[in-house]
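Trainee: For reference, the chains in residue letters:
Number of protein chains: 2
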Amino acid sequence: MSQINIEHLLSRAGRSMKKSSIREILKLTQKPDMISFAGGLPSPESFPVEDLKEIVLEVLERDGPAALQYGTTEGDNRLRQLLVDKHNREGLNITTENLIINTGSQQALDLIGKVLIDPGDHVICGLPSYLGGINAFSVYGANLRGVPFDDHGMIPAELEKAITQIRELGRNVKFIYIIPDFQNPAGLTVPESRRIAILELADKYNLLVVEDSPYRDIRFSGEPQRLMYELDTSGRVLTLFTFSKIFAPGFRLAWTIGQPEMLDKLIMAKQSSDLCTPVFVQKIAARYLEKGLLEKNLVKTIALYRERCHHMIDCLRSFMPEGVRWTEPEGGLFLFITIPEHLNARDILTAAIERNVAFVTGSEFYCDNTGKNTMRLNFSFCNKKEIEKGIRELSAVIEEAIKAKG
Amino acid sequence: MSQINIEHLLSRAGRSMKKSSIREILKLTQKPDMISFAGGLPSPESFPVEDLKEIVLEVLERDGPAALQYGTTEGDNRLRQLLVDKHNREGLNITTENLIINTGSQQALDLIGKVLIDPGDHVICGLPSYLGGINAFSVYGANLRGVPFDDHGMIPAELEKAITQIRELGRNVKFIYIIPDFQNPAGLTVPESRRIAILELADKYNLLVVEDSPYRDIRFSGEPQRLMYELDTSGRVLTLFTFSKIFAPGFRLAWTIGQPEMLDKLIMAKQSSDLCTPVFVQKIAARYLEKGLLEKNLVKTIALYRERCHHMIDCLRSFMPEGVRWTEPEGGLFLFITIPEHLNARDILTAAIERNVAFVTGSEFYCDNTGKNTMRLNFSFCNKKEIEKGIRELSAVIEEAIKAKG
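Protein chains in written order, with the numbering used here: chain E, 1 to 406; chain F, 1 to 406.
Hints are computed from structural coordinates only; laboratory data are not their basis. Heads up, some of the hints might be wrong.
[Said to hold, decoys possible] Residues of chain F placed beyond 10 Å of chain E at every Cβ, according to the derived structure:
#: 1; residue: K53
#: 2; residue: R78
#: 3; residue: D121
[Stated by the list, open to error] Taking lysine-lysine pairs in the DSBU-like style, the calculated list, with each CA pair at most 30 Å apart, reads:
#: 4; chain 1: F; residue 1: K300; chain 2: F; residue 2: K385
#: 5; chain 1: F; residue 1: K384; chain 2: F; residue 2: K403
#: 6; chain 1: F; residue 1: K18; chain 2: F; residue 2: K53
#: 7; chain 1: E; residue 1: K53; chain 2: F; residue 2: K18
#: 8; chain 1: F; residue 1: K53; chain 2: E; residue 2: K300
#: 9; chain 1: F; residue 1: K86; chain 2: F; residue 2: K385
#: 10; chain 1: E; residue 1: K53; chain 2: F; residue 2: K161
#: 11; chain 1: E; residue 1: K86; chain 2: F; residue 2: K27
#: 12; chain 1: E; residue 1: K300; chain 2: E; residue 2: K385
#: 13; chain 1: F; residue 1: K31; chain 2: F; residue 2: K296
#: 14; chain 1: E; residue 1: K291; chain 2: E; residue 2: K31
#: 15; chain 1: F; residue 1: K372; chain 2: F; residue 2: K403
#: 16; chain 1: E; residue 1: K385; chain 2: E; residue 2: K86
#: 17; chain 1: F; residue 1: K204; chain 2: F; residue 2: K161
#: 18; chain 1: F; residue 1: K53; chain 2: E; residue 2: K53
#: 19; chain 1: E; residue 1: K53; chain 2: F; residue 2: K31
#: 20; chain 1: F; residue 1: K18; chain 2: F; residue 2: K31
#: 21; chain 1: E; residue 1: K31; chain 2: E; residue 2: K18
#: 22; chain 1: E; residue 1: K296; chain 2: F; residue 2: K204
#: 23; chain 1: F; residue 1: K291; chain 2: F; residue 2: K31
#: 24; chain 1: E; residue 1: K372; chain 2: E; residue 2: K161
#: 25; chain 1: E; residue 1: K27; chain 2: F; residue 2: K86
#: 26; chain 1: E; residue 1: K372; chain 2: E; residue 2: K19
#: 27; chain 1: E; residue 1: K296; chain 2: E; residue 2: K27
#: 28; chain 1: E; residue 1: K403; chain 2: E; residue 2: K389
#: 29; chain 1: E; residue 1: K31; chain 2: E; residue 2: K296
#: 30; chain 1: F; residue 1: K53; chain 2: E; residue 2: K291
Note that beta-carbon positions come from the ideal geometry of N, C-alpha and C, so glycine has one too.
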């Protein structure tokens with residue numbers, strides 16, 4: 001069949017879309033023997049396969065026709081109530097009017113882009129920041145403005161400078177995109193005092209705050225910091241949660257909390273995006289929560305990731321050459337490595353893949369194309385033996401690069 | 001918590017979004033004793049609950065960790081291959097390069113809007129046409145231009161007139177949106193000769209064709225007409241299919257076939273929309289196809305809907321007053337009623353709801369706000385007794401309106 005040229009039919013967004021380079025790297029890492037620290041995959045050991053066999057039968061038995069039918073756009077009421085109860089036990093004071101279900105957090109990011117961003121609007125994010133967020137907002141024509149981090153996340157003075165500079169250009173800043181707990185990719189957690197400082201700036205300049213919190217329940221050391229949603233006094237925070245890291249990413253199940261007026265807009269956008277999230281998996285998740293299995297399974301998952309994270313850090317200490325630094329996260333799935341400034345992590349990646357080790361170059365997460373000498377490592381997916389072997393190889397590659405350029 | 005005003009932070013799309021009036025009507029129809037012809041719900045009797053109990057256990061047993069993990073954006077390879085095989089058995093000649101999985105057809109409509117439509121671009125659709133399509137394209141700022149129907153669908157001369165008028169205004173027409181089989185809402189099927197005539201115009205003016213085909217497998221009389229995808233000789237057709245009407249809408253599982261270059265763009269758009277469709281339900285659907293249960297279940301579903309459709313038509317013949325016409329579909333879920341021109345279907349709906357009967361006013365499906373004297377009736381959801389009672393009441397309401405205005 002002759003292939004027509006579609007270029008002239010594409011939208012601005014359609015023309016500008018590029019394949020995710022992370023996804024291209026992940027394809028490379030499919031080959032056997034590859035030790036991949038590249039993805040953001042939970043460990044399959046954390047999946048409650050046996051519990052699920054019981055739950056899926058219960059759902060089909062008790063609620064089969066409803067579980068297989070269309071559902072409401074805002075989500076299954078029982079699941080929403082169970083999630084509200086979970087948050088309220090943890091210190092919030094919300095109702096189901098404050099909570100909607102999404103088809104993965106990625107959908108929430110997309111819907112937020114859809115209802116808030118016009119081409120040319122600015123969005124503020126961290127340097128670095130989650131690529132999936134950056135991409136979702138870019139599709140709608142957002143200009144991403146990165147704010148540098150210190151050890152506690154976005155530096156307030158830099159944040160204020162960014163906002164005022166954009167305003168001086170006569171452009172809109174719509175919201176601040178922030179991942180306060182065990183940030184992807186940097187692995188750092190924003191303390192409460194810093195969260196409050198950022199919220200004060202959001203108040204001062206009347207911006208929304210999009211708090212993306214996929215890893216919050218996976219804390220293996222330190223003290224929980226209150227959600228920005230909880231610290232907020234003016235109703236300007238939307239917070240995104242997901243079952244992908246604490247239950248099963250294959251369910252694509254997430255939820256968003258926020259003020260009803262804002263959620264109404266997201267619900268309307270979701271109607272034309274997918275009508276509703278799969279009802280069957282929502283009913284499964286509701287039953288999982290009802291049976292108290294989330295907490296039970298989290299204990300196992302946290303212990304597993306703590307062990308793997310600490311093991312990775314031990315290996316980094318043992319094998320990495322001088323001049324290499326890394327973050328030591330209190331939870332989550334990632335740590336972040338900084339190599340000497342004159343090195344480029346892309347060269348390291350090329351050499352590492354030859355030795356069957358993969359990671360994601362940190363520059364992918366910098367919307368200003370800096371961060372050339374940084375690397376994101378996932379510690380949830382590989383077992384301890386693979387972690388040791390992978391870090392040993394990676395350390396050798398970096399050591400050689402330092403010597404070659406030294 | 002004080003509520004901030006979000007109006008100034010919304011995008012053009014966010015400001016323009018309205019709640020779906022169909023969804024608002026559907027809420028009214030939740031009350032007990034309501035006979036609702038309003039929704040587009042499959043009959044729960046068509047859901048293979050018992051088969052599913054076996055399948056979900058098989059999936060968890062054989063493929064548990066993979067079914068619960070993230071998957072590729074384009075979809076599960078096994079499911080894609082099984083769907084390709086199905087299409088090729090039915091006369092197509094495609095490979096998995098021509099097929100991607102979506103989270104419901106609604107997602108495919110959304111992604112098509114995203115990669116093709118810039119604000120002000122024109123999209124051509126039928127008068128009437130599926131509201132979910134119209135809404136998905138409108139979100140991206142499309143101008144919908146409706147083309148009138150005769151008994152065989154879009155009238156080619158009217159289609160060409162619409163295209164040339166838009167071009168004379170210096171605007172782009174991006175694609176023709178068409179539902180050739182058992183159209184929603186009109187219940188009519190476009191014959192092959194008309195499909196070819198429309199494709200010739202798409203060739204002449206170099207447009208894409210979006211062929212939405214959710215009901216194709218539910219044919220209970222007449223002869224299948226070849227897909228526009230099959231009749232197309234220049235690779236300009238994207239065709240949307242779904243499991244929602246032939247398996248379970250609660251899985252939100254659909255697929256799109258098209259040329260690889262176009263699908264690549266949809267895949268990139270899907271990456272930022274939801275990363276991937278729930279893998280668990282994809283594996284369930286693959287197993288369902290492998291076991292030949294789709295065909296087995298379709299036989300039952302078709303027999304059920306044939307019986308209900310014919311019963312509704314019998315009731316219309318028995319009870320409707322003079323001057324009321326309806327389509328007699330060869331398949332699908334809907335038929336379409338035209339009442340005398342001086343009546344407004346909204347008044348009929350108000351009176352009908354008081355008598356516990358609901359439907360959707362046809363004007364919802366007319367992008368030019370015409371069709372005031374039309375009504376869409378679903379025949380898949382209610383049983384025969386309800387159909388009889390509902391049509392009897394509805395006929396009485398219409399008869400009274402005719403007398404009152406006569």
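Trainee: For this structure, which hints from the list above don't hold up?
Mentor: Hints 1, 3, 6, 7, 9, 10, 13, 14, 16, 19, 22, 23, 27, 29 contradicted; others consistent.
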